[in-house]
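Peer 1: Residue numbers (the UniProt record's numbering), protein chains in the order written: chain Y, 1 to 192; chain W, 1 to 288.
Certain hints may be false.
With a straight-line Cα cutoff of 30 Å, these simulated DSSO-like cross-link-like pairs (lysine-lysine) come out [claimed, not checked]: (1) Y:Lys4 with Y:Lys85; (2) W:Lys229 with W:Lys285; (3) W:Lys284 with Y:Lys185; (4) Y:Lys185 with W:Lys282; (5) Y:Lys185 with W:Lys287; (6) Y:Lys142 with Y:Lys185; (7) W:Lys90 with W:Lys161; (8) Y:Lys85 with Y:Lys185; (9) Y:Lys185 with W:Lys288; (10) W:Lys90 with W:Lys37; (11) W:Lys229 with W:Lys284; (12) Y:Lys4 with Y:Lys55; (13) W:Lys281 with Y:Lys185; (14) Y:Lys142 with Y:Lys85; (15) W:Lys202 with Y:Lys185.
In short, the hints are calculated from the structure, not lab data.
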Amino acid sequence: MAGKNCVAIAGDTRFGVRNQTVALDSNRIFKINNRTLFGMTGLNTDILTLRESFKFQMNLYNLEEEREISPKTFAHNVAQTLYSKRFGPYFITPIIAGLEGEDYTPFLCATDLIGAMEFPKSFVVAGTGEESLMGVCETFYKENMEPDELFEVVSQCLLAAVDRDALSGWGSVVHVLTKDGITTKRLRTRKD
Amino acid sequence: MFTLGSVLDNELKSTVEDFSFETNFSTNQLMLPNIEKPFEFAQSIIGLEKDLQENENQLMFHQQKKEERKERALIKGYKGTTTLAFIYEKGTVIAVDSRATSGQYIASQSVQKVVPINSYMLGTLAGGAADCQFFLAHLGRICNLYELRNNETISVAAASKLLNNILYSYRNYGLSVGSMICGYDTRGPQLYYIDSDGSRLKNSLFSVGSGSPFAYGVLDAGYRWDLSKEEALDLGRRAICAATFKDSYSGGTIKVYHIDENGWVKISDDDASELWYEYEKKEKKEKK
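All chains should be built: construct the whole structure from the sequences, respecting the hints.
Peer 2: Dropping the structure here:
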């Protein structure tokens with residue numbers, strides 16, 4: 001979700017196989033650089049593979065360009081990587097959140113599994129509980145939120161949506177990205 | 001002015017057609033739609049998982065038909081649950097969760113999965129909520145009539161057999177009932193598992209539902225016949241808590257009941273997630 005010169009990205013940390021919960025600490029939100037956060041939902045093996053793949057590509061970019069990648073360029077990179085597997089796709093739904101440019105304008109991007117990009121101004125959602133999330137975010141979102149308020153709103157949206165989805169929960173993490181850095185907090189969710 | 005007898009008779013006739021207790025327990029029929037092939041219609045609106053072998057010849061056709069039926073299913077059951085019951089020296093313990101899911105959507109966190117049949121018998125609800133609720137309430141009515149006519153309390157074995165016969169007559173109609181009839185009678189604590197497939201099983205412990213494998217793990221490890229009352233209640237509660245933690249389709253609140261010679265009593269009603277955090281805290285304290 002986007003606020004005033006800040007973005008927040010939150011997700012649960014459950015790893016499960018159909019109805020059984022296997023792990024409570026699978027992290028799916030990764031830091032690309034100080035300006036970009038990248039989250040994925042979907043098939044766990046593809047999430048792990050793509051995490052390594054993008055880490056490799058970003059390291060190479062840093063060496064060649066001698067600068068940090070901007071969130072918008074990274075989003076396009078993600079879309080291109082996903083489309084390269086158009087006929088045998090990675091089963092993930094990525095979300096990119098970052099602060100763009102000198103004046104730290106918030107940038108949000110969501111793509112589908114083959115790289116169709118969407119740049120909404122307010123919030124992006126993904127995962128098994130995305131319909132609940134969409135509803136709750138739509139209700140509680142307002143423009144130009146300060147970082148503290150943004151953290152509150154994002155946390156409450158996640159908790160509410162996750163409590164209505166049987167396959168989400170069992171721990172969650174919220175990252176708030178401002179020009180001063182990233183604050184990470186873990187929320188106490190329901191463990192049933 | 002009404003006499004008691006005529007009021008009772010009127011009520012009976014208006015609720016269940018052709019009710020005749022003395023002759024045959026399974027003649028009380030549910031109304032079927034007044035069309036040419038009621039059985040096929042019943043199957044089509046329910047989206048039956050199991051198929052009748054005589055209708056399907058080729059595998060492809062079989063798969064197609066099953067998919068079609070599932071799509072057209074108007075009655076989508078709320079599945080996903082964990083219920084357990086076990087008998088021990090001093091009585092019967094029943095523990096249930098309270099979540100109902102429709103696919104992955106959590107429809108409710110506050111479903112009553114234990115239905116009282118009479119003051120010393122309880123039935124649990126798993127599978128189709130409407131089916132279980134109706135048939136357990138119906139069983140309650142039959143048991144009450146038995147007691148009035150015979151001037152003695154009905155045994156759990158007889159009550160479960162009555163329900164079993166009724167459900168057997170509705171086999172293949174798409175009912176979904178996975179109920180446990182638990183009680184205390186002259187033979188001591190009793191526990192029967194009744195299925196909509198027509199099975200009736202007697203054992204000292206059962207767990208039913210999507211979370212049952214996880215509950216069995218805890219239950220089998222801690223079960224003994226000579227448990228004390230507190231130990232038994234704690235065992236039931238822990239088993240359901242483990243199941244709500246591991247199984248995504250179980251959760252909500254954990255309700256524990258106890259049945260002894262004085263009848264049934266509701267012991268506790270705790271939030272599943274809070275209970276899990278409490279158990280974690282206790283373990284950490286013990287480790288220190």
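Peer 1: Hint by hint, note whether the structure agrees.
Peer 2: To see whether the hints hold, each was checked on the structure:
1. Y:Lys4 with Y:Lys85: Status violated; Cα separation ~36 Å.
2. W:Lys229 with W:Lys285: holds (24 Å)
3. W:Lys284 with Y:Lys185: holds (22 Å)
4. Y:Lys185 with W:Lys282: holds (24 Å)
5. Y:Lys185 with W:Lys287: Measuring from Cα to Cα gives roughly 27 Å; hence the hint holds.
6. Y:Lys142 with Y:Lys185: holds (22 Å)
7. W:Lys90 with W:Lys161: holds (24 Å)
8. Y:Lys85 with Y:Lys185: violated (35 Å)
9. Y:Lys185 with W:Lys288: holds (27 Å)
10. W:Lys90 with W:Lys37: violated (51 Å)
11. W:Lys229 with W:Lys284: holds (25 Å)
12. Y:Lys4 with Y:Lys55: Given that 30 Å is the threshold and the Cα spacing comes to 28 Å, the pair holds.
13. W:Lys281 with Y:Lys185: At roughly 21 Å apart (the allowed maximum being 30 Å), lysine 185 (chain Y) and lysine 281 (chain W) satisfy the hint.
14. Y:Lys142 with Y:Lys85: violated (37 Å)
15. W:Lys202 with Y:Lys185: violated (51 Å)
Violation of the numbered hints given earlier is confined to hints 1, 8, 10, 14, 15; the remaining hints are satisfied by the structure.
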